[in-house]
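Peer 1: Sequence:
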Amino acid sequence: MKDQHQVLHKCLTEDVPAFVLTGKDVCAIATLKTYLQTAIEKGCSDEFVNDMVLVLREFERFQSEDPQKVKIPD
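Going by the numbering used here, the residue at position 8 of the sequence shown is 8; the numbering climbs one at a time, nothing skipped.
No lab work stands behind these hints, which were simulated from the structure alone.
No false leads were mixed into what you were given.
Here are the simulated DSBU-like pairs of lysine-lysine, each with C-alpha atoms no more than 35 Å apart in a straight line: (1) Lys71 to Lys10; (2) Lys24 to Lys42; (3) Lys71 to Lys42; (4) Lys33 to Lys10; (5) Lys33 to Lys69; (6) Lys42 to Lys10; (7) Lys69 to Lys10; (8) Lys69 to Lys2; (9) Lys42 to Lys69; (10) Lys33 to Lys71; (11) Lys2 to Lys71; (12) Lys71 to Lys24; (13) Lys33 to Lys2; (14) Lys24 to Lys69; (15) Lys24 to Lys10; (16) Lys24 to Lys2; (17) Lys2 to Lys42.
Just so it is clear, the structure is predicted and the values come from calculations on it, not from any experiment.
Given the sequences, and given the hints that come with them, work out the whole structure.
Peer 2: In structure tokens, the structure reads:
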């Protein structure tokens, strides 16, 4: 999986808009599932899709292990 810190850093240094979701965001899993489906429909590479599946699983694990940290974003 690509290093998410590096991806964000590259966007920031190249002045490219970026959007960050955290595991604490109650909307994150639904958002990631929709993004994953769109990536598949648009023909993203298997590597990209597999990376997104790993990201989604990481969010699901975090939210199931630490549900008290999950909240509506403010």
